[in-house]
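Heads up: the sequence lines are chains E, H, Z and B, in that order.
Each residue of the first sequence is one higher than the one before, counting from 1 in the working numbering.
Each residue of the second sequence is one higher than the one before, counting from 242 in the working numbering.
Each residue of the third sequence is one higher than the one before, counting from 483 in the working numbering.
Each residue of the fourth sequence is one higher than the one before, counting from 724 in the working numbering.
These aren't lab readings, by the way, just hints derived from the structure by calculation.
Misleading hints may appear alongside valid ones.
Okay, derived cross-link-like pairs now, DSS-like style, lysine-lysine, Cα gap no bigger than 27 Å in a straight line [what the hints assert, rightly or not]:
hint: 1; chain 1: E; residue 1: Lys238; chain 2: H; residue 2: Lys421
hint: 2; chain 1: E; residue 1: Lys40; chain 2: H; residue 2: Lys468
hint: 3; chain 1: H; residue 1: Lys479; chain 2: E; residue 2: Lys40
hint: 4; chain 1: B; residue 1: Lys936; chain 2: B; residue 2: Lys763
hint: 5; chain 1: Z; residue 1: Lys522; chain 2: E; residue 2: Lys21
The lines below spell out each chain.
Number of protein chains: 4
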Amino acid sequence: MAEKYDFEDLRALFINCTLKKSPETSSTQILANISMNIMKNQGVKVDLIRAVDHDIAFGVQPDMRQHGWESDEWPEIFENKVKPADILVLCGPIWLGDNSSIMKKVIERLYANSAVLNNEGQYAYYGRVGGCIITGNEDGIKHCAMNVLYSLQHLGYVIPPQADAGWIGEAGPGPSYGDKLDNGSRAGIDNDFTNRNTTFMAWNLMHMAKMLKSNGGIPAHGNQLEKWQSGERFGFEKPHR
Amino acid sequence: MAEKYDFEDLRALFINCTLKKSPETSSTQILANISMNIMKNQGVKVDLIRAVDHDIAFGVQPDMRQHGWESDEWPEIFENKVKPADILVLCGPIWLGDNSSIMKKVIERLYANSAVLNNEGQYAYYGRVGGCIITGNEDGIKHCAMNVLYSLQHLGYVIPPQADAGWIGEAGPGPSYGDKLDNGSRAGIDNDFTNRNTTFMAWNLMHMAKMLKSNGGIPAHGNQLEKWQSGERFGFEKPHR
Amino acid sequence: MAEKYDFEDLRALFINCTLKKSPETSSTQILANISMNIMKNQGVKVDLIRAVDHDIAFGVQPDMRQHGWESDEWPEIFENKVKPADILVLCGPIWLGDNSSIMKKVIERLYANSAVLNNEGQYAYYGRVGGCIITGNEDGIKHCAMNVLYSLQHLGYVIPPQADAGWIGEAGPGPSYGDKLDNGSRAGIDNDFTNRNTTFMAWNLMHMAKMLKSNGGIPAHGNQLEKWQSGERFGFEKPHR
Amino acid sequence: MAEKYDFEDLRALFINCTLKKSPETSSTQILANISMNIMKNQGVKVDLIRAVDHDIAFGVQPDMRQHGWESDEWPEIFENKVKPADILVLCGPIWLGDNSSIMKKVIERLYANSAVLNNEGQYAYYGRVGGCIITGNEDGIKHCAMNVLYSLQHLGYVIPPQADAGWIGEAGPGPSYGDKLDNGSRAGIDNDFTNRNTTFMAWNLMHMAKMLKSNGGIPAHGNQLEKWQSGERFGFEKPHR
């Protein structure tokens with residue numbers, strides 16, 4: 001029974017870091033839709049951004065318009081989409097075995113906001129959960145996911161079990177996820193491992209987000225920047241030898 | 242007030258993946274002790290293993306004695322130390338910018354046990370939390386931590402915010418953490434960033450482990466291998482286009 | 483005696499992948515200048531591009547103006563700077579332990595040109611050498627260099643010994659390379675390891691580029707895409723068992 | 724015509740870093756054999772070591788018997804196999820998306836010998852070339868190769884173009900390279916991309932090794948540790964601003 005879970009107060013944000021501008025088809029989006037739909041059907045309010053469609057400046061400051069850039073849509077995205085989201089899922093393609101430049105830009109801008117603290121004096125990203133979806137013709141889901149999930153936990157997100165999902169084909173050039181194949185089938189969409197991970201990820205993100213919300217976030221002790229800076233040590237003791 | 246947190250029912254396991262056998266001094270251990278002591282002072286039962294002191298076989302099976310190895314201490318370590326632990330912290334040095342071979346061996350053996358399921362049909366590592374401590378003369382905390390934390394979440398551990406801590410010196414050869422320097426001080430031990438992360442990590446691991454324990458682990462829906470294998474789909478729908 | 487080396491027919495291109503637009507100071511540039519100057523003093527013609535100053539489109543096609551982008555300076559950069567260069571050095575900062583988004587964009591665009599072949603039917607990047615320079619406040623030279631050098635060798639560049647150089651400070655926030663410190667010195671500029679690597683890299687790049695040029699590039703046998711595609715196997719035999 | 728290439732004075736060493744002891748079948752070996760055979764047929768003397776069959780100690784010293792280990796076969800392997808080899812190919816499996824523990828142990832021991840200098844005062848690994856072969860059920864060739872090739876160039880090896888080859892299957896558990904499939908075929912052995920890379924790698928390693936040998940290694944100027952340590956600067960100048 002899924003009915004016993006009440007996820008209606010949760011909000012999720014999926015950021016698609018494809019290099020392709022709308023309305024080009026993004027393979028990554030096709031896979032991300034599976035997780036998005038599972039969440040929507042559970043009552044989660046789900047937002048989606050395709051980052052390349054937005055005029056997001058390069059840099060590591062919250063608002064790059066104050067640092068020589070004429071325009072920068074990030075501050076608005078951060079305020080209206082990132083901050084309200086209990087769940088953040090970064091989605092992107094693999095190029096030469098690594099995350100896309102757009103993925104790196106989004107992570108740089110999330111990092112730019114990392115000085116913000118919540119009312120408890122914790123990093124403002126605390127109390128949220130993060131995951132990722134990665135697709136490519138071949139090779140690199142884990143390499144890309146490693147970097148994305150590491151970045152999210154570094155910022156303050158909780159990473160639930162098996163918070164990454166993805167699809168790649170056999171070594172070498174080949175179809176992208178969802179591409180029609182000669183035999184009439186579509187690449188990847190029957191891959192049991194991919195389907196299972198995409199599903200498990202969606203549920204684990206919802207479960208952990210809900211648990212954190214119900215428990216008032218991560219308890220505020222031992223992890224407050226301001227208190228540390230003002231001298232509180234939370235039991236820390238320097239090594240004697 | 243830390244008094245309001247009751248962590249006495251928690252168990253933690255620190256596995257030190259140094260290449261140095263006892264009784265040689267391990268720099269990594271000096272840093273790990275800080276987190277271990279914080280946990281002990283909160284009532285957590287803390288175990289420590291220096292993996293290189295044990296006769297752990299290479300391989301990806303639960304018991305390598307059934308696969309051509311004469312001896313293998315891993316099954317006992319897994320049963321008596323890993324399974325009872327709510328908190329697992331993998332600790333290790335950096336060599337040539339990457340995790341030690343002992344760290345990789347420990348991760349391979351944790352992976353070897355990943356087919357085990359709990360009573361709910363989830364992976365048996367579910368409901369636990371993981372972190373890591375990395376030290377080196379120079380360069381590589383994040384690279385090593387990325388891999389360790391990724392591996393842990395893949396197995397089923399929850400990764401709390403800022404679950405990695407470490408120390409490295411400036412680029413180039415230099416002292417290890419805790420080494421006595423010419424000026425009488427000791428390398429790294431006054432590094433505010435390292436001390437803060439080591440403390441925050443300890444607390445975030447305890448908070449999340451406690452929260453998971455109090456809530457009965459990750460709710461068992463949408464993440465059960467056996468149910469998936471028997472056809473349950475938890476709302477998963479194949480992409481139409 | 484350096485006099486015996488005649489590097490006057492060599493061309494080098496340094497691409498600085500800082501996130502900062504001109505005329506902001508780039509720490510990475512300060513370090514890159516050392517290698518550039520060594521090369522210039524040996525008669526190498528050295529070009530420099532700060533990628534963020536150019537309107538380079540996102541994507542993995544040679545000219546993104548044919549794929550929905552209004553403008554794209556890459557095709558001109560590729561034709562006038564990348565193709566003539568015997569030596570390519572990708573330079574960039576570290577953010578959250580990884581390469582910058584601009585670095586990834588430049589690598590994506592280099593990759594976009596990888597279908598081009600030379601007169602021998604080899605990939606057009608063959609016969610050239612590549613290196614990298616990475617700077618950050620802390621942690622990540624090797625992680626970033628690993629990815630950059632891998633990408634370059636994958637495209638066809640030869641990687642000479644010790645083809646990466648960089649500077650980072652001790653763990654935690656801190657000054658960037660070249661920043662003035664309270665004691666009047668400047669961060670990193672007296673780091674012997676950094677200075678040596680930056681020097682060795684410059685020389686190894688020149689030596690290998692010259693050797694390749696004098697020997698007519700990589701001999702064209704066993705590595706020609708077109709011949710492989712037309713059935714030539716160069717001694718390859720399928721495994722029997 | 725391959726006849727014009729005289730590779731008879733070249734020696735190659737392949738180190739297989741599988742976790743499986745002989746006589747268990749190693750998938751990685753099946754793929755490595757292709758490159759080994761191409762080299763042998765060109766007159767290269769090719770050695771092979773399966774590292775897990777040897778009693779190689781953990782550590783970062785040349786001979787661990789002087790550091791508390793009862794036995795250590797590495798010093799003999801280094802002297803008789805690594806030092807004579809113009810070409811070194813590290814081969815290994817992927818576990819949880821990363822290199823095997825045996826691969827890391829071999830790299831640690833190669834690193835342990837990195838203080839050795841040649842007659843010119845360069846690092847003793849100079850003048851040699853390196854490559855790698857990686858196989859797995861799924862995902863990780865580039866991630867593993869990135870680390871292996873980086874380590875080799877850091878030690879002093881030259882990395883020729885496209886010096887990595889490998890095979891992985893589609894995302895998810897599946898057969899290993901060479902495994903017999905239900906339809907009678909064998910996993911991976913008809914993969915054109917894998918076969919081509921394995922062939923190109925073999926040839927590029929031979930070409931570069933031969934070129935280096937014919938040219939007397941990397942010219943000894945600008946890259947000699949002892950000269951740098953005694954004050955020679957090879958044109959290096961500290962940044963003025």
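Worksheet item: Do the alpha carbons of Lys40/E and Lys468/H lie within 27 Å of each other, as the hint requires?
Response: holds (22 Å)
Discussion item. For a C-alpha distance cap of 27 Å, please report whether Lys522/Z and Lys21/E respect it.
Written reply: It is violated: about 41 Å lies between the C-alpha atoms, which goes past 27 Å.
Worksheet entry | Restraint status (C-alpha distance of Lys479/H to Lys40/E at most 27 Å) | holds (15 Å)
Worksheet item: When you check the alpha-carbon spacing of Lys238/E and Lys421/H, does it fall within 27 Å?
Response: holds (14 Å)
Worksheet item: Are the Cα atoms of Lys936/B and Lys763/B separated by 27 Å or less?
Response: holds (18 Å)
The structure fails hint 5 only (numbered hints given earlier).
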